[in-house]
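Student: The lines below spell out each chain.
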Amino acid sequence: MHGTRLVRYALLRLLQAVPVVLGVVVLNFLLLQLAPGDAATVLAGEAGGAPPEYVAELRARFGLDQPMLVQLGLYLKNILLLDLGYSFRNSAPVLDLILERLWPTLLLMGATFVLSVGGGVVVGLLAALWVRTWRDHLISVVAVIAYATPLFWIGLMLILVFSIWLDWFPTSGMEDVVAFNEGWARIIDIAHHLVLPTITLSLFYLALYTRLMRATVLEQRGAEYVTTARAKGLTEGRITMRHILRNALLPVVTMAGVQVGALLGGSVVVETVFAWPGLGQLAFQSLFARDFNLLLGIFFLSACLVVIVNLMVDVIYVLLDPRIRVGGA
Amino acid sequence: MNAAPTATVSAGPILDISELSVALPSWADRPQAVKQVSLQIGAGETLCVVGESGSGKSVMARAILRLLPEPQVRIVDGRVLLEGEDLAHADDKRMRAVRGGKIAMIFQEPMVALNPLMTIGRQIDEILEAHTDWGKAERRRRVVATFEDVRLPDPARIFGAYPHELSGGQRQRVMIAMSLVLEPRLIIADEPTTALDVTTEAQILSLLKELQQRHGTALLFITHNFGVVAEIADRVAVMRRGEVVEHGDAEEVLTRPRHPYTRALIEAVPSLVPRKGIAGTDKSAAEPILEIRRLDKIYGRRAQGASWLTRWMPGLGRGRRQAVHAVNQIDLDVKRGSAVAVVGESGSGKSTLARCLIGLEQADAGSVKIAGNEIVGLSRSAWRPLRSRVQMVFQDPFASLNPRTSVGDIIARGAILQGEAPDAAMSQARELLTLVGLEPKAAERYPHEFSGGQRQRIGIARALAVKPDILIADEPVSALDVSVQKQVLDLLDSLRRRFGLTMLFITHDLRVAAHVCEEIVVLKSGRIVEHGKTAEIFADPRHEYTRALLSSVPGRDWQLRLVGSSAGPGTD
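Protein chains in written order, with the UniProt record's numbering: chain A, 1 to 329; chain B, 1 to 572.
There may be inaccurate statements among the hints.
[To be verified] Simulated restraints, written as ranges between beta carbons of each label pair:
{"#": "1", "chain 1": "B", "residue 1": "Val76", "chain 2": "A", "residue 2": "Leu106", "range": "55 to 61 Å"}
{"#": "2", "chain 1": "A", "residue 1": "Ile145", "chain 2": "B", "residue 2": "Arg79", "range": "22 to 28 Å"}
{"#": "3", "chain 1": "A", "residue 1": "Ser172", "chain 2": "B", "residue 2": "Gly160", "range": "51 to 57 Å"}
{"#": "4", "chain 1": "B", "residue 1": "Gln72", "chain 2": "A", "residue 2": "Pro251", "range": "34 to 40 Å"}
{"#": "5", "chain 1": "A", "residue 1": "Leu30", "chain 2": "B", "residue 2": "Asp396", "range": "27 to 33 Å"}
Read the hints as simulated data drawn from the structure, not as lab findings.
Cβ atoms here follow ideal geometry from the backbone N, Cα and C, with glycine treated the same way.
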């Protein structure tokens, strides 16, 4: 019975997300209209100048000469039919372009998520257990530094130290394209390429979750149910693992759900630094090419991604915390 | 310092505490939480340790099991002998064997004392897992048997339930089951009934007494309530600022207290006999200032959130929550200048009624007239001119004052919003502070600098600042120590006479109601079950629920005896 209620809740939430995503689409569309220039001027500019008639003809071909509201209506209609349009710049359907770049981004985000949340929980717990010792202070100082350092600088420094000086990891890309690896060899190759970008993108979040976890564990340690557990004659280890850990995880899960959207934003910088062939890099390129169809497609997909991840976090939350009832209004 | 124990302990004590001292950290208000305390508890005996907040009674109880937040708070001196073994110097491994095995503990607030994310059964099973080598099935049998022992309904369901799914009384039964499961030699109960309703409290107390007799367990019972002492104690120790000031046989201490502090505490217990001369003005002539007709408030009927969706697809968001009829067809007239107590247990709808009257909740149906003005269905702006007519004193003085606002601003703000000039409002705030027994200087200070009783005085001054006709006091003393309770009640009573206020006094405690109100309304499940003059209700309660409330008051027999014998406490 609990299961069916959870499924119903998930479906309800997905339906509720539809207007949210459409709102995001409209907002993005209008915002992009504010940007100066369009694909036609960029194409003409790259050709080294072109007569106004040619630019006008390009505009007509891309449908850019229509009134803005007509363009918006057309775009919304296409979105509802899951048609993301055509990228004239890349001469390919937007959906194909995005799907090709989607999985590298998901791979990078997934690895970062696991490393930052998992690492943050473990390090934060350790810091709380070692509270007010030199180990705790060391963790706190390192966390503050990681928290305060810009992403791109960390990326560049990691490349400098681990790729150029030590030559342990490749400098850029997702795989060694000329090696034509197959099967396991390819997986290992990709994992090898993944290390530096993941660390770069993770450090900030790792520091964030470490600090949050440390604070909540300390808070939970003072809770009355911990005294009860102690009065039962349990060992400190059992109290920590069975009682404190799960209660302390709840705020971290909440925070992780909120941060997924920011993770997507951070990946633009990291993908650019490491030439990682993901959505972030694609977004960066399409922005400068004024390839608005492609950009809007990426935004649409990101919005969907964030909605889905948030839903997943909420479902995890329901599974972790029996006090949250779903289905009941 | 200690009075010599008057009662003899039979056949050697289970627990022998001698000269126990517990140090507090340097920033605390005194160097030692517990000073040179010596107590003994024999097998099957109940020792009550009584004291107000800050007396060190809870620290002393936790020190026995070494559950103190060491090293800031730690035992610095003395011995805690459990059947001859000194626990004050035992190592961690030995302490773990004692905790839950030989000495078990019951805490005040079962909601926070249980892990919210773990099933009840698992939380008790843990004790058996830590202390025995029984198999899983055997442990489960034992836990279920203990649930039956404490008379929890449907033990198999409770085993798999989470704490939030049980009622307060059930949760406390679970805590008792938890303490009993290994048949310890001693149970320490730290205010186990303070968070419960009177009728539930009475049940839990009789359960504890019965189980203790059946299992022969010694019981160390921490409380602030002398009524509870009268119910269960064999011997009593009274603590004040970390020291035992009086110690002796329960009967002796309750009827012939020697130490002035004990006497003060006993006197502060609200009397079971309504005060005489409370009637005040002749109210038959006064017109009703508050007229309530068929007032209704239902919670949880409408589905919340996702409403646009559930309107199209009702199946999707169908709520399972039951509607709660918090206020059900209430009719009540309150005459100008009278004081009416609304008495009920948690969930009776008494607070909801108060919140409807002051506009914090919108009633669903019915009518409320304040001096002839209908308030049900008023918009916020239409309410504003009426705000000065009704004011409320809230329950928790620690949570109801904004910690970042000075006391003067807190009091003056209401009057300023009603159009008073800021300077005039401020000087009026100072006068009000004097009126409620505080220094006018207090206006410049902040709420955290005051004690609970002083904060409640500030709350009263705040309510009076807009010169209301009606004062609604929602459990204004339930968060305070008994001795402070009495002072605040007396203050409310004198202010009401002085300003001719009409008072609606919301409380769960019939004795408190009798202290300040000439009329009592008894609420149960949102309905008025009895309404009448305080003296008549106390003398002859008609409704069985009122009778249950009255007979559940802890220490009732003792109090009646005190009144019966012409020499009351402290007058021998």
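Student: Decide, hint by hint, whether the structure agrees.
Tutor: Against the structure, the hints come out as follows:
no.: 1; hint: Val76(B) - Leu106(A): 55 to 61 Å; verdict: holds, 60 Å
no.: 2; hint: Ile145(A) - Arg79(B): 22 to 28 Å; verdict: violated, 50 Å
no.: 3; hint: Ser172(A) - Gly160(B): 51 to 57 Å; verdict: holds, 55 Å
no.: 4; hint: Gln72(B) - Pro251(A): 34 to 40 Å; verdict: violated, 26 Å
no.: 5; hint: Leu30(A) - Asp396(B): 27 to 33 Å; verdict: violated, 48 Å
The structure does not agree with the numbered hints 2, 4 and 5 stated previously, though it agrees with the rest.
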